[in-house]
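Turn these sequences into a full structure, and let the hints guide you.
Quick mapping for you: the protein sequence lines, in order, are chains A and B.
First residue of the first sequence? That's 1 in the working numbering, and the numbers climb one at a time after it.
First residue of the second sequence? That's 1 in the working numbering, and the numbers climb one at a time after it.
Everything labelled a hint here was simulated from the structure, so no lab data went into it.
Predicted model, so just to flag it, every value in this text is computed and none were measured.
Don't take every hint at face value.
What the hints assert, rightly or not - Derived contacts from chain A toward chain B, CB cut-off under 7 Å, selection only: (1) L129; (2) R130; (3) A134; (4) F169; (5) T236; (6) F362.
Backbone N, C-alpha and C define an ideal beta-carbon position, used for all residues, glycine too.
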Amino acid sequence: MTDILLLAGEAETALGGGAALQEALNDGRSGASRIRRFDPTGLVTPMAACVGIPEAERRAGENLTQALLRRILSPLRELPPVQTIIWAGVKGNAEYVESGRAAGAVFPFLPRHYSRWIRDVLGWPDADLREASAACASSTVGLAAGARMVADGRSRSVLVVAADIVSRFSSVGFSALNALSPGVCRPFDDARDGLILGDGAAACLLAGRAYAREAGRGPMARLTGWAVTNDANHITAPARDGRGLSAAIRAALDLAGRNPDEVGAFCAHGTGTVYNDAMELTSIETVFGNRRFPVFSIKGALGHTLGAAGGIETIVCARALESGSVPPTAGLRTPEPRAAGRVTGGKQSLGSGVILNANSGFGGVNAVVVLERTDGGEA
Amino acid sequence: MIAAVTGAAVISRRQAPDGKRTWELPDRDIGRMIAERFPRFGRFDEYTQIGCAAIFAAAREAGFRPGDPRRAIGLILSGQYGSFDTDEAFYATTLAAPELASPNLFSYTLPNIVIGECASQFGWMGPTYILDGEGGRGRAALVAAAAELENGCAEAMLAGWLEIRPAWAPPGPEGAAVIVLEPDAANRPRRLALEISETGGIRLGSGEPVETLDDIFLALGPSVGAAGHSGSLDQP
Numbered sequence: 001m002t003d004i005l006l007l008a009g010e011a012e013t014a015l016g017g018g019a020a021l022q023e024a025l026n027d028g029r030s031g032a033s034r035i036r037r038f039d040p041t042g043l044v045t046p047m048a049a050c051v052g053i054p055e056a057e058r059r060a061g062e063n064l065t066q067a068l069l070r071r072i073l074s075p076l077r078e079l080p081p082v083q084t085i086i087w088a089g090v091k092g093n094a095e096y097v098e099s100g101r102a103a104g105a106v107f108p109f110l111p112r113h114y115s116r117w118i119r120d121v122l123g124w125p126d127a128d129l130r131e132a133s134a135a136c137a138s139s140t141v142g143l144a145a146g147a148r149m150v151a152d153g154r155s156r157s158v159l160v161v162a163a164d165i166v167s168r169f170s171s172v173g174f175s176a177l178n179a180l181s182p183g184v185c186r187p188f189d190d191a192r193d194g195l196i197l198g199d200g201a202a203a204c205l206l207a208g209r210a211y212a213r214e215a216g217r218g219p220m221a222r223l224t225g226w227a228v229t230n231d232a233n234h235i236t237a238p239a240r241d242g243r244g245l246s247a248a249i250r251a252a253l254d255l256a257g258r259n260p261d262e263v264g265a266f267c268a269h270g271t272g273t274v275y276n277d278a279m280e281l282t283s284i285e286t287v288f289g290n291r292r293f294p295v296f297s298i299k300g301a302l303g304h305t306l307g308a309a310g311g312i313e314t315i316v317c318a319r320a321l322e323s324g325s326v327p328p329t330a331g332l333r334t335p336e337p338r339a340a341g342r343v344t345g346g347k348q349s350l351g352s353g354v355i356l357n358a359n360s361g362f363g364g365v366n367a368v369v370v371l372e373r374t375d376g377g378e379a
Numbered sequence: 001m002i003a004a005v006t007g008a009a010v011i012s013r014r015q016a017p018d019g020k021r022t023w024e025l026p027d028r029d030i031g032r033m034i035a036e037r038f039p040r041f042g043r044f045d046e047y048t049q050i051g052c053a054a055i056f057a058a059a060r061e062a063g064f065r066p067g068d069p070r071r072a073i074g075l076i077l078s079g080q081y082g083s084f085d086t087d088e089a090f091y092a093t094t095l096a097a098p099e100l101a102s103p104n105l106f107s108y109t110l111p112n113i114v115i116g117e118c119a120s121q122f123g124w125m126g127p128t129y130i131l132d133g134e135g136g137r138g139r140a141a142l143v144a145a146a147a148e149l150e151n152g153c154a155e156a157m158l159a160g161w162l163e164i165r166p167a168w169a170p171p172g173p174e175g176a177a178v179i180v181l182e183p184d185a186a187n188r189p190r191r192l193a194l195e196i197s198e199t200g201g202i203r204l205g206s207g208e209p210v211e212t213l214d215d216i217f218l219a220l221g222p223s224v225g226a227a228g229h230s231g232s233l234d235q236p
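Take a look at the structure:
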């Protein structure tokens, strides 16, 4: 199979992007603050991890999602044109819907609009466009679909881009589902009681070695395995036995040619809801047995960034492979018993150069990617 | 590999004189059969109802039944507007007060929920997602589904197109078209044989390239979706 390289990764979050983001995560900081973008009265929580976007930064006629995207797209313009762009944002139409469709100033609103706009901004007119949607696993599914395209020779380079903002639309929806924490988001904690939302954008460039040589840059990591599965259980509740996620982990490891003992860390979806985190721990025990190894979630720090979550987490994992350690799980005080010895409130050393990133979403979807350390240097 | 199309279904919109949407259903009894199998069918949004109906009809022809043992069967759909109508319907419930927002409608603001509804009923645990893109109707889903099948990620893959256009959208086709793809086997009835290459290329048995779902339905002939039963899915 063609080597698939993660050649570039750009993220923007409430804690910034790039090296600053990794440093903030490693310091255990949280980006949560009181929502100012809209009136949070009546929500379970007034807190979210929003990115400060000054009005002056927004170009005329562009929405907040685009402003967020511009921050991550700019550094990519120096790259050779990619063959495929996959948009994986979930609710890019939130501002449009909230406006009552009255203002032309909130275009774009369909996934297709975003992929076209990204192509225009990057100046890559020949790029083929795709739009992936799989709820909160969207960008991980986009990565899996992109990796398959590169592996099969259908594309030599795939840029997966996703962004979702903290909107009234999503906040009210998650509040109505009683999924928001009234306090602090504490993934895998014994007293966890829900998630908080966050702004997030991510762009991950997957390519084979020919494109990497043309780009003249070394990979951040290799993407060696991926899988997408369904729980076949319920549209909003995860399968209690974690069967879908377990199947995805096993399939991704099989593709990577790795066994569970070789995995050095697990970047969990870790939303901080009671049932998601319990399902993930069940799945981890199913696949990895009683083995204690680093498991972490960054959603206590960045909030749940919906479609962008998997992309951001993939970039954080790649940087963790470079540094040899994974960030703490912000918000954690007392890990629930099955998380003890796995999830901590401090940085943890990677046990190997193999890391798994997992995301799950409404509709029962699970997506997993396997990232591996490279020896650096040009491809 | 040689893949077989073992099931197919089309639901298309018929323009009613009063301007309301009615649908050409593949089977007069489809609404009743689905309502029996999907206890919450009446609470689905229209996007999910139409999608479920087409998926149900195609899957039934392929021999899949709700309640079957869980298997690695996947489902990929294409579509441009997704659940936009439902997004607006949900948001309307939030305007008086956030506390009055409909959690049920919020779930259906995700276009992949229709896939989750069917996966949970039929026990499908394979790759399931929405993938749209440039090219003809359903092309992105079809190519991705063929690749998943060719790479052994699923025992069978459903690929389809699902579109409900919001009232403000420009006119265009609406409805759903779904096929079931399985590795060809001598003991299994098939509608059509397709050759899938390792690089995801798809050809008919005649050698003609397949670019979109429409190419497949053209090859299947007029029998698919031609029943023309008109009806409403929420009142079977």
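Violated constraints from the hint list, given by number and in increasing order
Violated: none.
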